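Quick note, the sequences are listed as chains X and R, same order.
Going by the working numbering, the first sequence opens with residue 1, and the numbers climb by one from there.
Going by the working numbering, the second sequence opens with residue 151, and the numbers climb by one from there.
Please note that the accuracy of each hint is not assured.
[Said to hold, decoys possible] Derived DEER-like restraints, expressed as beta-carbon distance ranges:
1. X:R53 with R:C244: 36 to 42 Å
2. X:P107 with R:L196: 16 to 22 Å
3. X:V121 with R:E238: 50 to 56 Å
Calculated from the structure, these hints are not laboratory results.
Note that the structure is a prediction, hence the values are computed from the model and not measured.
For each residue, glycine too, the CB sits at the ideal point set by N, CA and C.
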Amino acid sequence: MSAAEGKGTGEFEPLIVAFCCNWCSYAGADLAGTSRIEYPPNVRIIRVMCSGRVDPVFVLEAFLLGADGVLLTGCHPGDCHYIDGNMKAEMRARYIRTCLEEVGLEPERFRLEWVSASEGVKFAQLIKEFTETIKRLGPSPLRVKGHGEA
Amino acid sequence: MSAEGLRKRLQAAIDAFRDERIRWFIGRSRSLVDSGLISLEKMDELVRYLMRDEVERHLILRELEASGPLTLPELAKRSGLPLERVEEHVHVMCVAGVVLPSGEREGQPAYAIVMPVDEMFKERRICPCETVIALLHRLLGLWGGREER
Numbered sequence: 001m002s003a004a005e006g007k008g009t010g011e012f013e014p015l016i017v018a019f020c021c022n023w024c025s026y027a028g029a030d031l032a033g034t035s036r037i038e039y040p041p042n043v044r045i046i047r048v049m050c051s052g053r054v055d056p057v058f059v060l061e062a063f064l065l066g067a068d069g070v071l072l073t074g075c076h077p078g079d080c081h082y083i084d085g086n087m088k089a090e091m092r093a094r095y096i097r098t099c100l101e102e103v104g105l106e107p108e109r110f111r112l113e114w115v116s117a118s119e120g121v122k123f124a125q126l127i128k129e130f131t132e133t134i135k136r137l138g139p140s141p142l143r144v145k146g147h148g149e150a
Numbered sequence: 151m152s153a154e155g156l157r158k159r160l161q162a163a164i165d166a167f168r169d170e171r172i173r174w175f176i177g178r179s180r181s182l183v184d185s186g187l188i189s190l191e192k193m194d195e196l197v198r199y200l201m202r203d204e205v206e207r208h209l210i211l212r213e214l215e216a217s218g219p220l221t222l223p224e225l226a227k228r229s230g231l232p233l234e235r236v237e238e239h240v241h242v243m244c245v246a247g248v249v250l251p252s253g254e255r256e257g258q259p260a261y262a263i264v265m266p267v268d269e270m271f272k273e274r275r276i277c278p279c280e281t282v283i284a285l286l287h288r289l290l291g292l293w294g295g296r297e298e299r
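Same shape as in the complex, but just chain X (with noise of 0.2 Å):
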């Protein structure tokens, strides 16, 4: 929680959840650190074999435990080391947002991006643009207390 805690600006600091495929997108964040490309520190990544493997439930759970956004990012259409894996994610992304929408939360809290393993500027564009969307939208109202404050 360091990265988003402690800036001592009082601004407030989303907390991200992104949820990356080990293939492409995993891939893409590696080649973004070790291109020292820089991005907001806002992201916490969390490395799945496939998008497919992302249970909506991960992506609830993660809201419920007071996550600001849930990124959901994987190789691109066609590029999936699984076959498919990543159209069913896109799929399930759908009906992901259908219920962000009825529970009563902003379904642009959460996103779904194919980044590719070459994609490093990709990904970092991607965080910085989430991150500023997350702070238009402002804290979720489920966020713990404590969490990112400054």
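Guided by the hints, dock chain R onto chain X, whose structure is given.
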């Protein structure tokens, strides 16, 4: 909506997503759309309808688990749902055998759940083939310690 209300609704959504009804639908939706049997827009509409139903039912079940037996107006107040919706869901769940009338309060029938929610849906949250096996075992009376229906 209050944070507590949102938390309850999110928990109900988690329960709904763990349940076989939603999982089956989501699992099949892509092949149904790809096969041209149903359009993506129609599928979205169906999922929204189903999701609303399931979230509301699980919300009611969790309220009954936490504070039951409760009357319909009490349930409506606690869950924040319209009374007609609560009435409809409770009726459906009574037919399904997950909710039972349990006494009366202030001239109104009160309702309770037959067993804790997690236990109730344990079978339904496992893989469908295991669910079938579990059902067969129960029907054949082979499941040790379980009541035969």
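Against the structure, the hints come out as follows:
The supplied range of 36 to 42 Å is met by R53 of chain X and C244 of chain R, whose beta-carbon atoms lie about 38 Å from each other. Our hint of 16 to 22 Å for P107 of chain X and L196 of chain R holds, since their Cβ atoms are close to 18 Å apart. One distance hint, 50 to 56 Å for the beta-carbon pair V121 of chain X and E238 of chain R, holds here, with the actual separation near 52 Å.
Of the hints listed earlier, there is not a single one the structure fails to meet.
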